[in-house]
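> Sequence order for the protein chains is A and B. So that you can map any letter, position 800 of the first sequence is 800 in full-length UniProt numbering, and since no number is skipped, the others follow by simple counting. So that you can map any letter, position 210 of the second sequence is 210 in full-length UniProt numbering, and since no number is skipped, the others follow by simple counting.
Careful: at least some of the hints might be erroneous.
Said to hold, decoys possible - List of simulated lysine to aspartate or glutamate pairs, EDC-like, C-alpha gap at most 16 Å: (1) B:Lys112 <-> A:Glu76; (2) A:Lys69 <-> B:Glu105; (3) B:Lys112 <-> B:Glu74; (4) A:Lys535 <-> A:Glu616; (5) A:Lys211 <-> A:Glu76; (6) A:Lys230 <-> A:Asp217; (7) B:Lys119 <-> B:Glu105; (8) A:Lys230 <-> A:Asp258; (9) A:Lys721 <-> B:Glu159.
If you're looking for bench data, these hints aren't it; they were derived computationally from the structure.
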Amino acid sequence: MINITGLAIGLAACVLILLYVRYEQSYDDWLPDAERVFQLQTLYEATESGGEEMNLQMSAIVAGRALEKDYPGQVENVVWVRSFSPVILQDGQASVTEDLRMVDGDLFAIFDVPFVRGSAANALPDTHSIALSESEAQRRFGDQDPVGRTLTIVDNNGPVDYRVTGVFEDWPEHSSFSADAVARFDLGAQFADREYALTGWNNQQGWNYVKLRQPADAALINERMPAWEKRNIPDDVGEGGTTNPGDFQDYRLTNIRDIHLGEAQAASVTPGNDRFTVTTFAVIAVLVLGMACVNFTNLATARSSQRAREVALRKVLGASRRQLITQFLGESLLVTAIAMLLALTATELLLPVFNGFLGSDIAVTYFGAGGILLPVIALTLVVGLAAGLYPAFYLSRFEPAQILKANKSAADAGGSGQLRNVLVVGQFAVSIGLIICTAVIYGQTVYARTSDAGYVRDGLLQIENLGYRGVDGRDQQVVEQLRRVPGVEAAARTQIAVDPGGNSVSRVYRTDSMEPIDLGQYSVETGFFDAMGMKLIAGRDFSNAIGRDDSTTPFPIEEAAERAFAERGANVIVTREATRRLGFTSPQEAVGKQLRSELTQSELGLVPITIVGVVEDARFRSLRAPLQPIMYLMRREGFGAIAVRYSGDPARTREAAETVWTRNIPQVPFDGRFADDIVREQYEQEAARSQIFAAFAILAVIIGCLGLFGLAAFTAERRTKEIGIRKVLGARTRDIVQLLVWQFTRPVIIANLIAWPAAWWLMRDWLNNFDARIDLTPVPFLLAGALALIIAVATIAVHAWRVAGTSPVRALRYE
Amino acid sequence: MLQMRGLSRIYRTDTVETTALDAIDLDIASGEFVAIMGPSGCGKSTLLNLMGMLDTPSSGSYVFDGKEVAGLNESRLAEVRKANIGFIFQSFNLVDELSVAENIELALLYHKVGSAERKSRVETVMDRVGIAHRARHRPSQLSGGQQQRVAVARALVAEPKLILADEPTGNLDTNHGEEVMRMLQSLNRSGSTIVMVTHSPAHADYAGRVVNMLDGRVLQERRRAA
């Protein structure tokens, strides 16, 4: 029973993890012509000026165009997909479609997805056509046919009508791309007032998808990429000197099936994963299954004492060793098959929970291309043979004469006890290792959510959607009215907020050097630091009364205003990390210092700036991202969010904020979230992984304990006579319990010595992925060791008490 | 040394009640060598187990060394047992995984005896029973006679007041049997009290008193002429 249960748990865990691993590795496999579909990615190298290494899935519009121009024989199609979610008006009502993809060409010529209304070939015939997913069509139009209906997208150029041309099946979950709607827009008209978006090689606002012609070789194109970059990327000429974006940028075509687990994970369409995590899960699957097999082998050899006589009798009656091996292997396969049936039942029952945790849509199918029937049969055979092989050879080698002559049931051959000990050590080493990993991952997740971010998370409401066309400058009256809402202590608009989607970087030069230093550059308005709860550590805050504090210039760009700004200069506030990068020994030293920065068109030269204040560093992004040194500029427009500091009831504050928003900007949906929730979402994946890790750690411990329980039972039985003798000689029950418990705690202690260094090494590597991380202290190691020990002792103590309490007379009659 | 009065042992299952010992009265004085005889199932071993406090009586009184022990709990019985009684079994009951010396030392492990003294006492007793040259051997490497000598050594090492031997020659050939009996006789002569269960009249002759049992009762007692 222990054997079947343990094996079933191990197999269920293994099947679940392997389904997950296969799911992660099969992203975009479903797409027709997937081998010909690529994403053009931008890889930024770390620069001496402090630019961080960053691998983006996005690439500049111009890059896709240049590729199409230079490889006409190889490139069949290039479509640029814009990262932008405008407001949609339907029958006068404003709403947002979460995954609306604005494309500049026929995306369905690249993504040949199945259509339920219309067809892929005719879905995006021209600009101002839009195709909806089945769910989106249902959400917007119910059961009516949406084809031919009109949706109005409020883009930068104002409201534009789009005609619904088709309905495609919902995009599969295991895809690196997603879309609830795909609208073909006029790229030239869209960016008419911002030509730099069309021509700038440092301007990544979307993704380039490329379909290659049949015999085209992506590897060859990638190989030629450095020369292609040199040919296409023009120099940037400015006061700071001549630079070429290509010097620190590399481009690469990545096949769509390799995007999800690929190297470039920044600015992804859907959240990616990393190969390390997937490999780790695969290793855990094998370890957990290995543990279950070990239990099987262990218990089978431990039970040899019971089967020795049977083997002897069978041999006496004429059974050959081969027949016995076949018999034992058959038994092993039968047990494994029964365990597999239980495991598959458990898998099907647990799959919805598992999917819920990981946000996946893994399904079990037994037949067909993705069917698991054949792998399951193969796994059953492998496990059945692997687990049964040693016991089969071990049991079948008993000499009948010896066993029958000795009139013994116990035929414990030398060495097998040692092997069992080694296997128990291995099992517990795995369990302890997993417990440590779980504790460290959990600790880091909690740390990430609760560590000092440099701003106060409690009592902070963040309102987004300020960038939408429909806002039309009314965000200022929203923020003014918000400040008058009871309970609101401060409110300010900002370009950067918790979990910012974009990244804005400017080069800054000291007056005595032409060495550029890259600083994040974000616009905020007065009161931002108070609203965020950020500490000013030197100098002063921005003031509306000081003209040079204000860096606002008109949009669309006005040449004269830009020139005036470049001559006048600006006051800035920088973070502590920025002062360090700039070479100041303290924040105080930085205050009053003059610098120059690329804050306007390059032909107007560098803008003189003065540091008037230094604020504490703030982590707006995940702890995985390096801490960005930041330069804040005070502006009066160009914001993305409002930070609202409040005290009192959060729900009531949010409700009041929504009322203010809707009263002023009815065309744009209100998007107000609490900073706590945003941060929690930032680490949702980590949290889910730590829970899955914990679940498998618990599974491993259960399997280990099942094995230990069975072994303790058999050992106690095998040692019954010895226990009797010891009791006759004066041992008390607790002496016997101590003896048995020690026999099994010793391997657990040894397992700690193996698990600790391995887990330390693994976790050190994992923690190194985080810019800020917890210290790897001995606490999780000692706790995991103690926990394993307590569980092991509790498991065997039950047996030990039972056996130790037996009357010695009965124990001595045992044989 | 011990007085038993009306001592009974009844085994009960759901359907059957078996009286193994029926109101036994028996006194054994210090320094005696008593042999208990009788057919199989007459209650010899049960009596020996009660005497050795390996089992508890269903009724009656058992006074050992001046103290009533019939109602003591398992832990107290273990204390009295380890301080006063040594055992020798027909099937030797040695621990297969331990060496000869370790098997003998086992009897001292549960006494408060330091490691050095344990070693010294084990060596002394091994010399005494003539097994010192086999100290590092495992029981399975010894003959039956040698194994029983180890069992005797183990019974002696804690210097008990009473040695209980349950058919100590039952698994031995004639020569080895005689050898063990001579050893027991020698122990008795040096002051040990011995109670032995045996089927062999010849071996019973080594005892000073023979108690014959039948159906859980003492049938007759006879003393050997000095």
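> Could you run down the list of hints and mark each one as holding or not?
Each hint tested on the structure:
1. In summary, the hint linking B:Lys112 to A:Glu76 is not supported, as the alpha carbons are separated by about 91 Å, beyond the 16 Å threshold.
2. Note on A:Lys69 and B:Glu105: the hinted pairing is violated, with a Cα-Cα distance of about 92 Å set against a maximum of 16 Å.
3. For a cut-off of 16 Å, the pair hint linking B:Lys112 to B:Glu74 is broken: about 19 Å separates their Cα positions.
4. Simply put, A:Lys535 and A:Glu616 have alpha-carbon atoms about 6 Å apart, close enough for the 16 Å limit, and the pair holds.
5. Between A:Lys211 and A:Glu76 the alpha-carbon distance is near 5 Å, which keeps this suggested pair within the 16 Å criterion.
6. Restraint check for A:Lys230 and A:Asp217: not satisfied, since their Cα atoms lie roughly 21 Å apart, outside the 16 Å limit.
7. For the proposed pair B:Lys119 and B:Glu105, the alpha carbon gap of about 7 Å is at most 16 Å, so the pair holds.
8. The straight-line distance between the Cα atoms of A:Lys230 and A:Asp258 is roughly 26 Å, outside the 16 Å bound, and the hint therefore fails.
9. For the hint linking A:Lys721 to B:Glu159, the alpha-carbon distance of about 23 Å lies beyond 16 Å, and the restraint is violated.
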